[in-house]
Amino acid sequence: MRVRIKFAKKESVKYLGHLDIMRFFQRCFNRAEVKMEYSEGYNPHQKMSFAQPLGVGIISRGEYLDAEIASGQDLEDICRRLNDVCGDGFEVLNVKAVEEGAKKAMAALQFASYEVDVRRLAAVAADLGQTDVENSAVNLEEFDSVVNRAISELLSEDHIMVSKTTKSGTREVDIRPQIVELSEKDGNVKMKVTAGSDNNLKPDTLLASIFAKTDIEYQKEKITITREELFADGFVPLDQFQCE
Amino acid sequence: MSINNDKTITDTKRRYALPERILLNVEKPARYTGGEINSVMKDKANVNVRFAMCFPDLYEIGMSHLGIQILYSMLNEREDVWCERVYSPWSDLEMIMKEESIPLFALESQDPVKEFDFLGITLQYEMAYTNVLQILDISQIPLHAKERGEGMPIVIGGGPCVYNPEPLADFFDLFYIGEGETVYFELLDVYKKNRDNGGSRKDFLKAAAQVEGIYVPSLYEVAYNEDDTIKAFTPIEAAPLMVKKQVVTDLSSAHYPMKPVIPYVQATQDRAVLEIQRGCIRGCRFCQAGMIYRPLRTRSLETLKKYAKEIIKNTGYEELSLTSLSTSDYPEFAQLMDFLVEEFKNKKVNISLPSLRIDEFALDVMSKVQDVKKSSLTFAPEAGTQRMRDVINKGITIEDIMYGSEMAFKGGWNKVKLYFMLGLPTEREEDVQGISDLAEQIAELYYDTVPKEQRSGKVQITVSTSFFIPKPFTPFQWEPMYQPNVYLDKAAYLNDSIKAQLNKKSIKYNWHDAKTSVIEGLLARGDRRVGKIIEAVYKKGATFDAWTDHFDYDKWISAVEEQGADVPDMDFYVYRRRELDEILPWDFIDAGVSKNFMKREFENSKNEKVTLNCKESCSGCGARVFGGGICLTH
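Taken in order, these protein sequences are the chains called A and B. Just so you know, we're using the numbering used here here: the first sequence kicks off at 790 and counts up by one. Just so you know, we're using the numbering used here here: the second sequence kicks off at 39 and counts up by one.
Since the hints were made in silico from the structure, they are not lab data. We put the beta carbon where it would ideally sit given N, CA and C, even for glycine. Possibly wrong hints are sitting among the right ones.
Stated by the list, open to error - Just a sample of chain A residues kept apart from chain B, beta carbon distances all over 12 Å, derived:
1) ILE810
2) SER838
3) GLU930
4) ASN937
5) MET950
6) GLY958
7) GLU961
8) PRO966
9) LEU971
10) LYS979
11) LYS981
12) GLY1023
Claimed, not checked - Footprint (simulated), chain B over chain A, 3 or more residues, beta carbon under 8 Å:
13) 798 to 807
14) 811 to 817
15) 823 to 832
As the list claims (entries may be wrong) - Pairs of lysine to aspartate or glutamate residues, derived as EDC-like cross-links and limited to a Cα-Cα distance of at most 16 Å, are as follows:
16) B:LYS351 / A:ASP809
17) B:LYS385 / A:ASP993
18) B:LYS448 / B:ASP402
19) A:LYS1009 / A:ASP993
20) B:LYS66 / A:ASP809
21) B:LYS385 / A:ASP809
22) B:LYS344 / B:ASP402
23) B:LYS297 / A:ASP873
24) B:LYS543 / B:ASP619
Work out the full structure: start from the sequences and follow the hints.
Quick look at the structure:
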């Protein structure tokens, strides 16, 4: 049977790459003694697939992987056992059975939501260096109005062309149709964008476009991106889409 | 059904030594952030001794090493000690750390290494020596032991290279000679006692020299003859004349890491490791490991069964590798394999078996645990003719190889790897030719053995040669090396010869870099004065010499040539035959295996006389003094 596992990737493991996380989960299943289904052949491997790789440096409370497991196992118990062996950096949030014949998470995926803490950019803009923003007197009101003006301006455009570099070269892409929701308050940018293998918008790309419309210098290493949720069609979170 | 509500998105907010702007701009930042499953966190306020254990190479290499996992786990069992790990930063990060003056840190606490009580560095291969200086340098610890003040860590070296620690003598406060499981606790107790008594760094070094197996280079003076050879090697301040190698006598009761640290970043050896025995009975005359790890000691079958199950359960690894110098020599190998195959067949755990001698049983076992079509057979005849194999005491005959190959071909294998050495003592042209002929014979055997309709393509034979390096504590320790161009001529001769064989298309030939080999020879065989060369080449920017694309021979040679009259040259250290009565730089180490035995074996090699292995007959090497292992039973 197929199960969908929702998990969080936290601060202390944010620097792991996607392949590292895959290998990590394989071993978690083994340590938790989950009975898995394996591929055929001489070197059988666990049947699992992730909804969407998460970039290095990004944390998440809405990651998904689908795994084929032997039927007849208590899913709540599996969830508990996985949490016992996955350390502090990950948390398994739920384990649900996927309906027979349902799409895999990676195929069902349509949208992703992110929350981006950009307060340190405000601190830079206010010339406070890299100091602790929680305790510094950054004027977020003014920052908010600048960023919001940029967002309105951006959303009023019919096309937002950005250059995208892939293996086959650099090309211009219109990201306007990929933006579903975009707002900013108190130094937090919230966005809902299209996601998936062929229509993916990276939060970093969108943020760069926003700040390009301001005098604030966009510095990738001064923001904290959290992926909040992954959705199927109709903005249904993946753990509620074709799951029992 | 969300559980474990005490877990939050910002879990343990680990504090990193490197800021995010650096971590996001270096290759594989998870090499530097620690926090792996089974890594040990302690409260530094509650420990007395902080130990940084370093493998001076990239994280992925260092995390593959069993010895560090053993010591890490063993030291952390002590409540008063916190042992953490340190690896070499890759060049991208090294540059940033130097530019911004960020001191090297340990992975667990992320605290600077220079704040620790000890910095232990394992010396597994000579070509990592420049990395050792890099570690000290970016840790902001003075390179020279004599320049380190009271607050600086005690820098201690261990591992196989300490059987000649002299080229690194200036850079280390201590060396631990032998197996780490025996006197580390005693050494740490001496350290604590000295500190409690208000003793100085020097007081500790003097006290440490009294711990068996500990060598304190600053307590020995070396005098040289006119011809640059060693005149006298003299202990001062009551340090012992000879330092005795440490040996675990009962391997079954020795500490073993049941919960090894599991790296997030894929290690080079990404699997569970089960050390089934230590030492080797074979006595190959070129092999340093075969001499310095004597006597052979085995872990009991019951211990291994228990460890295998437990380690796989604790790690979730899909592969278990049996490790030893010669796996087939494990006395209960058949029972062990039966157990492992049975235990793991439904758990999808692969068993890997390096260092296996190919015979009927081995092939049967291998066909159970490996994909015959994909795997290859490995033979290490080491030399191409029987005469040459007798010289090096490699107890493998052409019949063994042909018989093993024939059975393997019948069993469906069609890939064979053959390992040889070039430049062995007494080597003649016909010995080099013999390598080529042996490869050809095996290729022909394949076509004779396997009928056309059963062949899955050509037989693939890979011949690899390394250049022989006479290592300390081997019967060949007095032998000279050749100049790089001589080695390359030999490799070229062999290459031409293989290209002239009938089945040349089935035989692939690789050879090692000759220039790396002679520098390895310099570092393996040098004395204290070689430290100046290592320092000079490091200052020219050399690091990661074990990585082919980083190694720069010209830097090394110019570092050798720039030294004044007080440091001898390559001719002296590498290309010279040493006299049997010469004081060798490593003579102060008592490795159990005696110098007389090595002289005897050197003589036997000249007479092409084979010495029986430890199971067949005791050759009186001297390792019996340790009172353990095979010496007790045979």
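Interface exclusion of MET950 of chain A relative to chain B, criterion Cβ beyond 12 Å: Given a closest Cβ separation of 26 Å, the condition holds.
Agreement of LYS385 of chain B and ASP809 of chain A with the hint, judged by alpha carbon distance not exceeding 16 Å: Status violated; Cα separation ~22 Å.
Hint consistency between LYS66 of chain B and ASP809 of chain A [alpha-carbon to alpha-carbon, up to 16 Å]: Holds. LYS66 of chain B to ASP809 of chain A sits at ~10 Å (cutoff 16 Å).
16 Å limit on alpha-carbon distance, applied to hinted pair LYS543 of chain B and ASP619 of chain B: violated, 49 Å
Distance rule for GLU930 of chain A, whose beta carbon must clear each one in chain B by more than 12 Å: holds, 26 Å
16 Å limit on alpha-carbon distance, applied to hinted pair LYS297 of chain B and ASP873 of chain A: holds, 15 Å
Beyond 12 Å from every chain B Cβ - status for ILE810 of chain A: violated, 8 Å
Consistency of the no-contact label for ASN937 of chain A, given chain B and a CB cut of 12 Å: It holds; ASN937 of chain A is separated from chain B by about 26 Å at its closest Cβ, greater than 12 Å.
8 Å C-beta criterion, at least three residues: is the stretch 798 to 807 of chain A covered by chain B: holds (count 7)
Beyond 12 Å from every chain B Cβ - status for LYS981 of chain A: The claim stands: LYS981 of chain A keeps its Cβ more than 12 Å from every Cβ of chain B (closest is about 19 Å).
Closest CB of chain B to the CB of GLY1023 of chain A still more than 12 Å away: holds, 23 Å
Assertion that GLY958 of chain A lies farther than 12 Å from chain B (Cβ): holds, 23 Å
Hints 1, 16, 17, 21, 22, 24 from the list above are not met by this structure, while the remaining hints are.
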